[in-house]
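Asks: Make a model of the complete structure from these sequences and hints.
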Amino acid sequence: ATKVNTGTQDSGSGITLVQSGKLVTCTHLSYKPFQFSEGDKTVGFDVDLVDLVAKELNVTQEIFDTPFETITSGEVFNTGKCDLAAAGMTINDERKQAIDFSEPYFDASQALLTKKDSGIKGLEDLRGKRVGVQLETVGEEYANEKAAEFGYTVVQFEDLPLMETAVRTGAVDAAVNDNGVLYDYAKEFPDTEVTKEFDTGDKYGIGMKKGNTALKAKVDEVLKKAKDSGEYDKIYEKWFGKKPESK
Amino acid sequence: MALSKRQRAKVFRGAQYALLAVIALVLALAADWGEIQRAFFNLDIAASMFPNVITVALKNTLVYTALGFAFGLALGLVLALMKLSSVAPYRWIATIYIEFFRGVPALLVFIALSFGVPLAFQLQFDIYSTVMLALGIVGAAYMAETIRAGIQAVPKGQIEAARSLGMSQGRTLATVVIPQAFRIILPPLTNELILLTKDSSLIYIIGLAREQYELTKFGRETLSRSPSLTPILVVGLCYLLITLPLGYLSRYLERRTGGKKISTPESTGLGVSA
Amino acid sequence: MALSKRQRAKVFRGAQYALLAVIALVLALAADWGEIQRAFFNLDIAASMFPNVITVALKNTLVYTALGFAFGLALGLVLALMKLSSVAPYRWIATIYIEFFRGVPALLVFIALSFGVPLAFQLQFDIYSTVMLALGIVGAAYMAETIRAGIQAVPKGQIEAARSLGMSQGRTLATVVIPQAFRIILPPLTNELILLTKDSSLIYIIGLAREQYELTKFGRETLSRSPSLTPILVVGLCYLLITLPLGYLSRYLERRTGGKKISTPESTGLGVSA
Amino acid sequence: MSTEVSTDVAVEITGLKKSFGPLEVLRGIDVSVRRGEVVCVIGPSGSGKSTLLRCVNLLEEPTGGKIVVNGVELTDPDCDIDAARTKIGMVFQGFNLFSHLNVLNNLTVAQRKVLKRKPEEAQRIALRNLERVGLAEKAGAMPAQLSGGQQQRVAIARALSMDPDVMLFDEPTSALDPELVGDVLGVMRQLADEGMTMLVVTHEMQFAREVADKVLFMDGGYVVEEGEAAQVIGAPRHERTKSFLARVLDPTHQGPRD
Amino acid sequence: MSTEVSTDVAVEITGLKKSFGPLEVLRGIDVSVRRGEVVCVIGPSGSGKSTLLRCVNLLEEPTGGKIVVNGVELTDPDCDIDAARTKIGMVFQGFNLFSHLNVLNNLTVAQRKVLKRKPEEAQRIALRNLERVGLAEKAGAMPAQLSGGQQQRVAIARALSMDPDVMLFDEPTSALDPELVGDVLGVMRQLADEGMTMLVVTHEMQFAREVADKVLFMDGGYVVEEGEAAQVIGAPRHERTKSFLARVLDPTHQGPRD
Ligand SMILES: Nc1ncnc2c1ncn2[C@@H]1O[C@H](COP(=O)(O)OP(=O)(O)OP(=O)(O)O)[C@@H](O)[C@H]1O
Ligand SMILES: Nc1ncnc2c1ncn2[C@@H]1O[C@H](COP(=O)(O)OP(=O)(O)OP(=O)(O)O)[C@@H](O)[C@H]1O
Ligand SMILES: [Mg+2]
Ligand SMILES: [Mg+2]
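Note that the protein sequences, when read in sequence, are chains A, B, C, D and E. To convert, take the position in the first sequence, counting from 1, and add 114; that gives my numbering. To convert, take the position in the second sequence, counting from 1, and add 36; that gives my numbering. To convert, take the position in the third sequence, counting from 1, and add 36; that gives my numbering. To convert, take the position in the fourth sequence, counting from 1, and add 179; that gives my numbering. To convert, take the position in the fifth sequence, counting from 1, and add 179; that gives my numbering.
These are calculated hints, taken from the structure and not from any lab test. Model, not experiment: these values are computed from the prediction. There's no promise every hint is true.
[Unchecked claim] The calculated lysine-lysine pairs, modelled on DSS-like cross-linking and capped at a C-alpha distance of 25 Å, are:
1) C:K192 - E:K421
2) D:K292 - B:K192
3) D:K292 - C:K46
Replies: Set out below in structure tokens:
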């Protein structure tokens, strides 16, 4: 056993990595198209972005899959499991108390996934019904907030695929999650559809250990460079099939 | 010779106590006690878990386990009788079932059952049915072999006595074999109830609403809000509240029935018999 | 009387076969076969899993289980000797350890170990150490009681014979007791290896990199890409590849050692003894 | 149910054969037991005595031959063997009392479930038979609380409660401590005096000599010698009978074993 | 290690007491066995014979009294009991061969590990002793492959391989089939003839009468009678000895049991 945070020093930048020569990225699979498996690789929008950071640091990126709650609570950083977390993760105040975020890199909002022709057009159609959410996500928080008002039951799933499958099996009548992933799912499974978006104005950020300012600076710098150079747009188009509306 | 054996034994025993003391001391000095208390015995967090950890989580764990056990016992009895049947296809079906479900992790079964089967068969169960099926299917595989072994452990003489009094095969089964087998299998069955209680920690995978949380899910949920091991410790103690008394019961029953040992897969490995 | 008992038995047996046929027919008609094939036996999906399901997932499952078993066996032996120790505090520690870790779900232990302990003690382990500790800690609780029971099952006469030949207590333990206990506990130990293999399905909770996936995690990952039960079935069969032979081995060893039964918690409930 | 033909012969065994796989245990046995007669079967271990007895109530399925009990041919494939067995009491070496039932229920369960007697009637009959074997006060005890001798007497009472026409005894005293043998033999002697038809496998030569009307000596799957008790035991004709009796009656003068 | 005092007395037991909890099993035993002497201990079951023997090599810890073997006081708290035990061979009723070792290793393991003999030397001594008990050809067999009589002879050879000064036998033939008893007694007789000091608990009166120099009769935790074999067995003085011997020597004329 080694003491926490005795990784290698990246000369000059003051960045300490938990494993030498590697940029270990925590995420929670699968979160298509941000990070998911294709063949025997993990790919996705987030993966490509972090690769830019890794390239900049002259190391290779390694993806580490861990329960989502252990990312948002900061456990993965405190126990030295990874350097940063890119997990389609929305920046919010609660999480900011546990971890530090990069500048926002993606605009998202919450959306409602249902079975096709279910007649469920919004939360108002869900009285007495079951709504699936993913553990420790903004969607869960949002669904919980509105549960009393609209009289539905919130059902929590460990990961996105389980939640999405539950919509198809009918275990839940609808599910709330980020729009990006739900549209992607509905495209792949035409028996489901996204019937509503909730304008929550979420912004994704890359997470890291609280107080790791050196790394934050580097990530912000890389993100800014990518946006300026058009590299960001290329990556966006690769995964979403269109150019971003705003940056 | 400096020390006699007896003296050496005394010294050895003293050394053991000393070792214990040294280890305790090292642990005491090495560990960060403030951190440990925060991590393990945070009373605020513990207090915040009550009463829900009991009224919701513990209750649900009990309900789920009971449902799974009841269904598993019924299915297990059917499987046991199938395995003892003179009709070969019944034996094959029972054997394949038991081998398969004993050989794969419960988590895999739960995933398959709650997500695969509804898709494949266009069926939809409510939460209680799903839990009952999931835990029951896993439990039945344990229990089938126990029940079969229990039935076979009923002395042959008891059956011969019943038959020679004119009882039919079915009547003998109902009047003599099952009642006696039941007393034999009560201890291992209690034990399988413990295993099932622990397996109920996996049903979070099927997706649970807040008021359906069982202990482990409840603990994880609290853990993600307050990063301390206290929630884990609290729900761990709740499990012991169930499993320790059951363990005592099992051992008491076994002593009472004279500790007649039957060969069950729990004690002898996966039951593979044709 | 229309039918003799013997005729009735024949009719009864016929009815059983008929029932079987009817059930098979109903299932065949009720199920959507296209969907079932897609759901369970999608060859494309199955093919896409190879060779990684073997070279990565199965291999990792084996490695993790082996690591956990090795550490668990060592710790279990220490605990067993502590439980048989003449020094009371050692017995207490061993008893509390065994009771606790047998009474709570493995999942809870894994969560506590992978996130709680590093936080509390400021330690950081690599993945293999974590897996070894997690599975080993759970496995040791199973194995300690097995080993203790095995040691106690060595006939007293063997020990007396050794002592009366002038062997010291330690020498007797090493030369006579442990070798004989080992043969007695080999079958239940094999069985605990099976339990550990299945428990390894839970280590995804500690967080894994892609090349560290074990079978269940690998299956879930594939499942999320292609919602069909095929991945579950494929990894299920991979588990059977490990557990079925071990089950056979356990039963073979037990037959060979004459089926001497020892009282272990697996067969008798949670080991509660002071 | 069974068509009872009034005849003087209670048990008629003709050409009985029984094999366990390749092992031929009974090679053609003819035995006839008349109503009220006591027949003792003696012979060395493994000679097939138990197998013969167990064939008589079809606990073992004969490989060949015919068994007729009270005019009912048990070996007929269409025979209602369960009904026939109620008329044939069987007492085992190992007692085989139902261990989960108390003494009274051991005696009433088959009466109620098989003969469909009313609970009160079954209880009355049970108590009468317990009295016959001298154990009326043990009605409430569990089998495990009784001595071997008491258990065997309860087993006899249990068989008698079905009102059997024939009683089969398979070494009823072999599993007993020597001092408990007398009680059981006493009960059996009393039964014989009351006119019960009995087929008894035993090593108790004294009992056979005094109680049996006929003694069969079996060896190697055959009935080697058969006749009056005094003759077969007192003055055996066959060499094998002689050497067997010598060994049983005078064990201390036994020659060296192999 | 042990300070060997040259003396004519091999075993000297004085005022030996042993209790199991409240149960007083030995209430003050004095026994003295001289070098080369064969002493037989007889007595009814439960009289403490085994306990006495097991106290002699401290398998049971005496509650009181003194035990001196070859001048070494075993009851001295500072005695190296493991070393002393190598000089005291013990043969058990249940043989207690190490079931995981073959015959040869049974004989060599303690020689090598305790006496630190070289493997070749240990093997040579083992084979010589196997020959003494007539089982040289069984060196490679596992205990489970041997008959009870052969196992017991191996157990004797195992004890002899340690070159003991005294041999203790606790009913060495009680667990044997009658026809196997002779072989074991033969080996013991031969040992006695060779001048081995022996303390033997036995029920074999014939052996005691012919081989023992002295016979002790124990009952109720006391040595009730002690003397030459011919006297104690042939003409016992005490009432209890008489009635014990009557029962053992003439079991058929035994009175009724309680
Ligand atoms: N179920 C069985 N399967 C195979 N062989 C059997 C079976 N029952 C009995 N035998 C064999 O049949 C032979 C006769 O057995 P049986 O019990 O009838 O002898 P027995 O005369 O009653 O002997 P004993 O006096 O020892 O009771 C024996 O060799 C026995 O091993
Ligand atoms: N370890 C023990 N704990 C308690 N009581 C014991 C123990 N060993 C022996 N006893 C008791 O001590 C008494 C004497 O036992 P011991 O074995 O010495 O008798 P014995 O003369 O050898 O009898 P036997 O001829 O039956 O072997 C018996 O009442 C026995 O129950
Ligand atoms: Mg017999
Ligand atoms: Mg004794």
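Asks: Each hint needs a verdict: does it hold in this structure or not?
Replies: Quick rundown of the hints versus the structure:
For a cut-off of 25 Å, the pair hint linking K192 of chain C to K421 of chain E is broken: about 35 Å separates their Cα positions. A distance of roughly 20 Å separates the Cα atoms of K292 of chain D and K192 of chain B; the hinted pair therefore holds under the 25 Å criterion. Taking the CA atoms of K292 of chain D and K46 of chain C, the gap is near 23 Å; set against the 25 Å cutoff, the hint holds.
In summary, the one numbered hint that this structure violates is 1.
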